[in-house]
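So the sequence lines, in the order shown, correspond to chains A and B.
Start counting the first sequence at 2; every next residue gets the next number (this note's numbering).
Start counting the second sequence at 2; every next residue gets the next number (this note's numbering).
Calculated directly from the structure, the hints in this document are not laboratory data.
Among the hints, a few may not be true.
Since the list gives no way to pick out one identical chain from another, each pair is judged satisfied if it fits inside one copy or across any two copies.
Claimed, not checked - Mimicking SDA-like on lysine to any residue, the simulated pairs with C-alpha atoms at most 25 Å apart in a straight line are:
1. 270 to 284
2. 276 to 262
3. 220 to 275
4. 270 to 34
Values in this document were obtained by computation on a predicted structure and should not be read as measured data.
Protein chains: 2
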Amino acid sequence: MTTPYADRLDARTRELGNPCLVGLDPHFELLPEEFAVARDPEAPRAERARAVESFLLQIVELAAGRVPAVKPQSAFFERLGADGAIAWERVVAAARAAGLLVIGDVKRSDIASTARAYGQAYLEDAGDACCDAITVNPYLGADSIEPLLEVCERTGGGLYVLVRTSNPGSAMFQHHGEPPLVHVVAREVARWGSELRGESGLSSVGAVVGATHSDQIAKLRTLMPHTPFLIPGYGAQGAGAEETRAGFLGEGRGALVNSSRGILYAWRKPENEGKHWKDASLAAIESMVEEFRALFAKTS
Amino acid sequence: MTTPYADRLDARTRELGNPCLVGLDPHFELLPEEFAVARDPEAPRAERARAVESFLLQIVELAAGRVPAVKPQSAFFERLGADGAIAWERVVAAARAAGLLVIGDVKRSDIASTARAYGQAYLEDAGDACCDAITVNPYLGADSIEPLLEVCERTGGGLYVLVRTSNPGSAMFQHHGEPPLVHVVAREVARWGSELRGESGLSSVGAVVGATHSDQIAKLRTLMPHTPFLIPGYGAQGAGAEETRAGFLGEGRGALVNSSRGILYAWRKPENEGKHWKDASLAAIESMVEEFRALFAKTS
Numbered sequence: 002m003t004t005p006y007a008d009r010l011d012a013r014t015r016e017l018g019n020p021c022l023v024g025l026d027p028h029f030e031l032l033p034e035e036f037a038v039a040r041d042p043e044a045p046r047a048e049r050a051r052a053v054e055s056f057l058l059q060i061v062e063l064a065a066g067r068v069p070a071v072k073p074q075s076a077f078f079e080r081l082g083a084d085g086a087i088a089w090e091r092v093v094a095a096a097r098a099a100g101l102l103v104i105g106d107v108k109r110s111d112i113a114s115t116a117r118a119y120g121q122a123y124l125e126d127a128g129d130a131c132c133d134a135i136t137v138n139p140y141l142g143a144d145s146i147e148p149l150l151e152v153c154e155r156t157g158g159g160l161y162v163l164v165r166t167s168n169p170g171s172a173m174f175q176h177h178g179e180p181p182l183v184h185v186v187a188r189e190v191a192r193w194g195s196e197l198r199g200e201s202g203l204s205s206v207g208a209v210v211g212a213t214h215s216d217q218i219a220k221l222r223t224l225m226p227h228t229p230f231l232i233p234g235y236g237a238q239g240a241g242a243e244e245t246r247a248g249f250l251g252e253g254r255g256a257l258v259n260s261s262r263g264i265l266y267a268w269r270k271p272e273n274e275g276k277h278w279k280d281a282s283l284a285a286i287e288s289m290v291e292e293f294r295a296l297f298a299k300t301s
Numbered sequence: 002m003t004t005p006y007a008d009r010l011d012a013r014t015r016e017l018g019n020p021c022l023v024g025l026d027p028h029f030e031l032l033p034e035e036f037a038v039a040r041d042p043e044a045p046r047a048e049r050a051r052a053v054e055s056f057l058l059q060i061v062e063l064a065a066g067r068v069p070a071v072k073p074q075s076a077f078f079e080r081l082g083a084d085g086a087i088a089w090e091r092v093v094a095a096a097r098a099a100g101l102l103v104i105g106d107v108k109r110s111d112i113a114s115t116a117r118a119y120g121q122a123y124l125e126d127a128g129d130a131c132c133d134a135i136t137v138n139p140y141l142g143a144d145s146i147e148p149l150l151e152v153c154e155r156t157g158g159g160l161y162v163l164v165r166t167s168n169p170g171s172a173m174f175q176h177h178g179e180p181p182l183v184h185v186v187a188r189e190v191a192r193w194g195s196e197l198r199g200e201s202g203l204s205s206v207g208a209v210v211g212a213t214h215s216d217q218i219a220k221l222r223t224l225m226p227h228t229p230f231l232i233p234g235y236g237a238q239g240a241g242a243e244e245t246r247a248g249f250l251g252e253g254r255g256a257l258v259n260s261s262r263g264i265l266y267a268w269r270k271p272e273n274e275g276k277h278w279k280d281a282s283l284a285a286i287e288s289m290v291e292e293f294r295a296l297f298a299k300t301s
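Input sequences plus hints: build the corresponding full structure.
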């Protein structure tokens with residue numbers, strides 16, 4: 002029996018002593034010059050996909066042993082069709098082989114056996130390229146999540162349900178009604194997760210809660226006391242480490258904080274002019290790790 | 002300049018004289034015996050994917066010239082990784098070459114440039130294997146849809162936004178609040194679509210509205226007067242043609258009604274015992290077409 006995602010997550014976060022999650026978002030147009038073929042629509046897709054893969058494998062190397070997890074973003078891979086799917090699997094497999102947890106950022110949603118098929122695709126069928134967890138969208142309701150819970154129970158995989166996303170327009174629907182929809186979703190997430198609690202006390206059913214709404218994180222933490230949070234919005238999207246604090250349980254446990262652009266494209270920042278992209282990315286990972294270590298050193 | 006999706010949809014629906022949409026959902030375990038390798042987890046994925054492809058190409062042949070559109074369901078293809086992605090592209094390309102509109106049922110959702118990447122992946126980058134339209138999930142709000150509208154404007158592609166899904170649990174979040182969230186989403190869908198109206202008067206921004214909530218379709222039609230509906234829930238999910246009527250504009254225009262299992266797996270019905278699967282599927286398509294022709298003959 003595989004150790005449940007909740008416990009693997011908790012162990013890995015404790016071992017590394019930080020909650021940093023490196024988002025693998027290969028925006029073609031932002032890649033360093035040596036991978037420029039990725040953005041050439043005239044180049045064969047196989048070549049473009051190899052460039053994406055090569056860039057991300059190097060990021061995975063930088064992340065391994067420093068942070069607990071990475072989060073590849075499916076959309077960019079899907080732009081390259083089957084070649085992108087090959088690159089996706091190679092990046093996922095390499096990250097897992099390097100001891101990183103992999104959260105597949107796929108934000109899938111569907112009903113019944115189709116929802117189950119999405120869970121199987123990313124948590125069960127892909128061999129060495131299975132993700133540890135995936136992101137999912139709750140709009141369709143409980144019966145769209147339940148088939149995924151079964152897949153998690155069988156495989157030891159995890160879910161992160163979108164609760165409050167980090168984008169400026171997220172309140173439009175997520176804050177509709179009284180109580181706001183996010184609170185209703187949050188209560189359901191806690192309920193769905195109650196059957197999937199690990200020995201760590203955490204559940205394998207997590208929640209995406211944006212750091213850009215830091216005033217609301219504490220309330221969502223109360224509604225979901227055993228739920229691992231995935232917190233986007235740090236760094237390039239504007240929030241600092243302090244704004245994520247209420248998302249954590251004690252000692253920096255129970256949450257991962259994502260940074261994508263701030264790490265992958267650190268070389269583009271004015272202060273990194275002249276630096277090799279890889280040095281800039283490594284420095285960005287180390288500085289994020291330090292920032293969170295300091296945050297929890299202050300707390301304890 | 003490509004004709005906008007709205008107008009291609011309207012033309013094709015008028016030409017064929019019916020609103021039937023064949024859902025291409027290759028549930029491995031339901032496929033006819035000759036494609037059984039698809040459900041063998043020990044078989045190479047390439048072989049499994051070829052079986053899925055071969056089955057669906059034959060369904061596409063049956064559908065071509067009889068119904069306006071098909072709707073491949075991505076989840077099952079994704080279970081087969083890169084091989085599934087190849088099969089997806091071949092099925093989409095074959096359907097388009099046969100004159101069918103293709104609605105990629107991907108239910109994607111993300112923000113900003115990532116949302117755009119999903120639009121590009123399915124509406125712009127895939128050459129002959131581009132879909133005519135895709136399904137998307139609105140939970141993240143307007144700024145998750147706007148980048149997709151730009152892709153539609155540039156490519157002539159279309160969207161179907163999930164408004165009220167056909168599953169029994171869909172009310173949980175979709176009917177939260179007063180007015181219920183679906184009404185808020187519906188108004189936004191109408192607004193998003195207002196910039197993408199074609200000469201037909203329809204918009205290229207559609208809505209998914211389940212036939213299993215037939216009491217609500219009329220209200221949603223009022224809130225979205227120019228929005229093409231994609232109506233799931235007919236057939237295997239329990240609704241009849243009559244229950245979809247309020248989703249249409251005059252003369253059977255403005256909506257597509259989906260049937261997946263009822264057509265693909267018609268041979269499994271007791272009354273079709275002994276029939277070849279292909280004969281059963283063809284009869285199911287013809288009977289659905291007739292049912293809707295009769296519905297609109299009565300109306301006019």
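Give me the numbers of the hints this structure contradicts, sorted from smallest to largest.
Number 3 only.
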